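*Asks:* Now for the letters of each chain:
Protein chains: 2
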Amino acid sequence: MKKYFIFFLLSFLIVESVSAQSPEVITIKKYGTENAGNIIKEFSEFLYLPNVAADPVGQQKNADFIMNMMTKRGIQKVQLLRANTVGVPPAVYGEVNVPGATKTLIFYAHYDGQPVNPAQWAKGLEPFQPKLFTDAINKGGTNIPFPADGSYKSEWRIYARGASDDKAGINAIINAYDAIIKSGLAPNYNLKFFFEGEEEAGSPHLHEILEKHQSLLQSDLWIICDGPIHQSGKKQIIFGVRGDVNLELTVYASKRPLHSGHYGNWAPNPAMMLAKLLSSMKDDTGRVTIKGFYDDVTPLSLLEKKSLDEVPSVDEQMKKELGISAVEMKGVTLSEAINQPTLNINGMQSGNVGKMASNQIPTYATAVLDLRLVLGNDWKRQQQKVINHIKAEGYYVSETEPTDEEREKYAKIIKVVSNSDGVNAQRTSMDLPIIQKVIAAVKTTTQNQIVLQPTMGGTLPLFLFEKYLKAKTVTIPIANHDNNQHAENENIRIGNLFEGIVMMASIMMFK
Amino acid sequence: MKKYFIFFLLSFLIVESVSAQSPEVITIKKYGTENAGNIIKEFSEFLYLPNVAADPVGQQKNADFIMNMMTKRGIQKVQLLRANTVGVPPAVYGEVNVPGATKTLIFYAHYDGQPVNPAQWAKGLEPFQPKLFTDAINKGGTNIPFPADGSYKSEWRIYARGASDDKAGINAIINAYDAIIKSGLAPNYNLKFFFEGEEEAGSPHLHEILEKHQSLLQSDLWIICDGPIHQSGKKQIIFGVRGDVNLELTVYASKRPLHSGHYGNWAPNPAMMLAKLLSSMKDDTGRVTIKGFYDDVTPLSLLEKKSLDEVPSVDEQMKKELGISAVEMKGVTLSEAINQPTLNINGMQSGNVGKMASNQIPTYATAVLDLRLVLGNDWKRQQQKVINHIKAEGYYVSETEPTDEEREKYAKIIKVVSNSDGVNAQRTSMDLPIIQKVIAAVKTTTQNQIVLQPTMGGTLPLFLFEKYLKAKTVTIPIANHDNNQHAENENIRIGNLFEGIVMMASIMMFK
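Top line first, the protein sequences correspond to chains A and B.
Each residue of the first sequence is one higher than the one before, starting from 1 at the first, in the UniProt record's numbering.
Each residue of the second sequence is one higher than the one before, starting from 1 at the first, in the UniProt record's numbering.
With the rest of the complex left out, here is chain A (with noise of 0.2 angstroms):
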């Protein structure tokens, strides 16, 4: 009896929805909170070790732990995949087959983190030396040691570089298959692992992995375990993930820069020409007006549109918490506003402003466009409308600076190139057999709602798996909403944590 006593009240401390609906579930929790002692010390202990993708040493010891906790459990096939190209960090795999599985999940996370700034993390935070907080700092959390007999509670934070983003996805896949085994269940799929080291750096060898892989890669569906949860507090299915591709503008005027006194507005004025072409870009309302801009649009399924209406609106929270009394994009909700296609400014400059300001006609003004993308669009498409509609403005596009004769030539001249290739949208169909199972599998973990996002704002190389792989993907992220990934002071919720144990592990053993 006593003991039962003490299993719920540390049931109740580190997870969140007590009254799940599966016995399957209630065994994973109890396991999870009996075992929180030693998960959280393997848990710090990968954190210790630096994981900037750019340090490829660093990266081979995340790489080896990460094999390390595989082997430990049994996990078979542990192995490195490395990419052609030499001396970038592997992907770490291992697998299980399951007796009488018919299908496979292979479960995504990586091992790489931002790079850190030390000096922006608060006072007697350090990047790469875990430590325990009794809420968020901003909250009035403070600092306690780790508990020496495992007892969390589930608002409590560890504060880290990728405590969220993404180590906390490893330690959840690799500890929600560790909980079936031990707790005598099993797994309903053969399960794969796969964890990549330069996800934060844009995973540029990843395509090399996967095409280098490709058979032992096969599988029914990747689940990404990555970013945060909805801001609502609720947890989140995502479909798809939208495309990005960037240009940058460049209007240029005189050769020299021009005293503003002798030649101002007599001399064209490139922050002028800028401003009048950037606003010729959008309307009032917000809506981007380049000729054809939202055609191409894959229109969302009935069963995408009806998700989308029942995500919980954020709106009136988000505008409180960022200042803002007014929306670009009048008569949009945030995630209607998602499922279309964007262009936004990132970045904006000529002459200067603040203390270098002086009374001059800058000579060049630049601007940086994010095209963001939706099913249907293609990123070089994209682009050329947008520089069809510069063209329609009455400007000569180059992609070098102008010589003398193109100045001589044109009135108005503009460069317009692009950093890199852009990364196409990809979006997961809800209706699929093995999608609808996943979700059910999280439903049985709460009895909150759960929210399916027919695609995140965001861009991840999703595509990747699509051309390489022939594979689909489904992302179900476990970190709070407000984990500062990418930035200082990241950290996890020790709930989030052990929820995420749970809805892996319910994902893999769900019929």
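If you're looking for bench data, these hints aren't it; they were derived computationally from the structure.
One should not assume that every hint holds.
[Unchecked claim] Computed footprint of chain B on chain A, listed as stretches where at least three residues anywhere in the stretch have a Cβ under 8 angstroms from a Cβ of chain B:
#1 238–251
#2 260–268
#3 331–343
#4 366–374
#5 405–413
#6 457–470
[To be verified] Listed next, the stretches of chain B that the computed footprint assigns to chain A, with coverage defined by at least 3 CB atoms under 8 angstroms from CB atoms of chain A:
#7 263–274
#8 323–332
#9 337–346
#10 451–462
The structure displayed is predicted, hence computed values, not measured ones.
Ideal Cβ placement from N, Cα and C applies to all residues, glycine included.
Starting from the known structure of chain A, fit chain B onto it as the hints suggest.
*Replies:* Chain B in isolation, oriented as in the chain A frame:
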């Protein structure tokens, strides 16, 4: 006979206009040619003295040098005029009372120069080590020693900071008086000399000096010897300056930088907001669309209009030089443009471009505007027109960063500040009898047209002379158009220096 031949040869070498109209002018030219060696030797010593306004010790040496130049030539009451503020460079004063003279001319030039960045100067050049070249460096001029026999050619150039802007002015004014006296001629006016030491720093203490020494500085006309002659190569007289005032605009959006994928085109983009705002300030023909922007302008007199019509067109020459094939204000010549108030973007910045660019929505966007003013404009009223326009575009205008309350209340928030007080325009009527005499005097020095400009495009604090002394001013530049003033490789063309002496002397003597 041989002597005559040499005289004409030398005369041809260092002065532009051999067929001057008056015997006095011929005499002064002869003096210049015969004394070129000594004049340039002294000028060169002067150029060795560093003359940055922020260096009071260096400036004192310059002031002492000028006092010595004047004393040697018998100029009287030579003294330093100090501001009330301690530690700022003094003005250098001197005067000559001419028997029978009823009117007084006061000649102005400044001895301070723009700050220097020696690294930007051409190889072999040091800002404060004057060197002689056979032509402009960018036209293939080569360095030669200063000739021992004092025979200079008009196309030669001296390179040094201050060579043209504005130690050439001081040199021309003092040597003009010297040439008159040494040639046995006489001035027709009482003469005063006023050489400022802080012009390039924006004359921050000039008003103190003028106010403190009001009675000493009384005159009938200030002759401002500063700046370059007309781009056509013709001499010019300038009767006014434009005023100027700046405004810095900062549009605010989200409090923290946002991921452009997750929030782009939902959250407001400050760069796009600023682009639209700036764009609303001008139409496609380059006219300012701000309500009442061109009101208040005092129309040009008939004489001023006629003079303006006669200004040689340099538009095509400048377009070629600047590498532009169209102007901002369609159908308006450069001469016309500088007789109108302007709105110019000096600088614009939001987020980052180039290597620092990231896929973000910036938190703010800033632009610096420069408003040039013509006679009739008041800088405060002109600023207010811009602010009224911004309000009419739906902005909440503040002078500080927005508070959370303001962010919640207003959809469009902008900070509008001005870093310093403005300066109004100034213009002296061409009809005044004393002005007519000055024009006639300059005409005696050349058969070419004298360009009469109602105003220059730039701004000088000439309104101070009007305000504190109720004085009239007229600007008579002597430097070559391509003198690189304010920049690296500043230079004076020898011909322009000696023509400057001739012009100043002709004004002093004209009856």
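*Asks:* Now look at each hint and say whether the structure bears it out.
*Replies:* Outcome of the hint check:
1. Given as covered by chain B, the stretch 238–251 of chain A passes the check, having 4 residues with a CB less than 8 angstroms from a CB of that chain where 3 are the minimum.
2. Chain B is given as covering the stretch 260–268 of chain A, and this holds because 9 residues of the stretch bring a CB closer than 8 angstroms to a CB of that chain, at least three being needed.
3. For the stretch 331–343 of chain A, the assignment as covered by chain B holds, since 8 residues bring a beta-carbon within under 8 angstroms of that chain's beta-carbons and 3 suffice.
4. As drawn, the stretch 366–374 of chain A meets chain B at 5 residues by the rule of a beta-carbon pair under 8 angstroms; at three or more, the given contact holds.
5. For the stretch 405–413 of chain A, the stated coverage by chain B is satisfied: 6 residues place a CB nearer than 8 angstroms to a CB of that chain, which reaches the threshold of 3.
6. Note: the stretch 457–470 of chain A has 3 residues with beta-carbon separation from chain B under 8 angstroms; the three-residue rule is met and the coverage holds.
7. Counting residues of the stretch 263–274 of chain B whose beta carbon lies closer than 8 angstroms to any beta carbon of chain A gives 10, which meets the minimum of three for the stated coverage.
8. With 8 residues carrying a beta carbon less than 8 angstroms from a beta carbon of chain A, the stretch 323–332 of chain B meets the three-residue requirement, and the given coverage holds.
9. Counting residues of the stretch 337–346 of chain B whose CB lies closer than 8 angstroms to any CB of chain A gives 8, so the stated coverage by that chain holds, three being the minimum.
10. For the stretch 451–462 of chain B, the proposed coverage by chain A is satisfied: 4 residues have a C-beta within less than 8 angstroms of a C-beta in that chain, meeting the threshold of three.
When the structure is compared with the earlier hints, no violation turns up for any of them.
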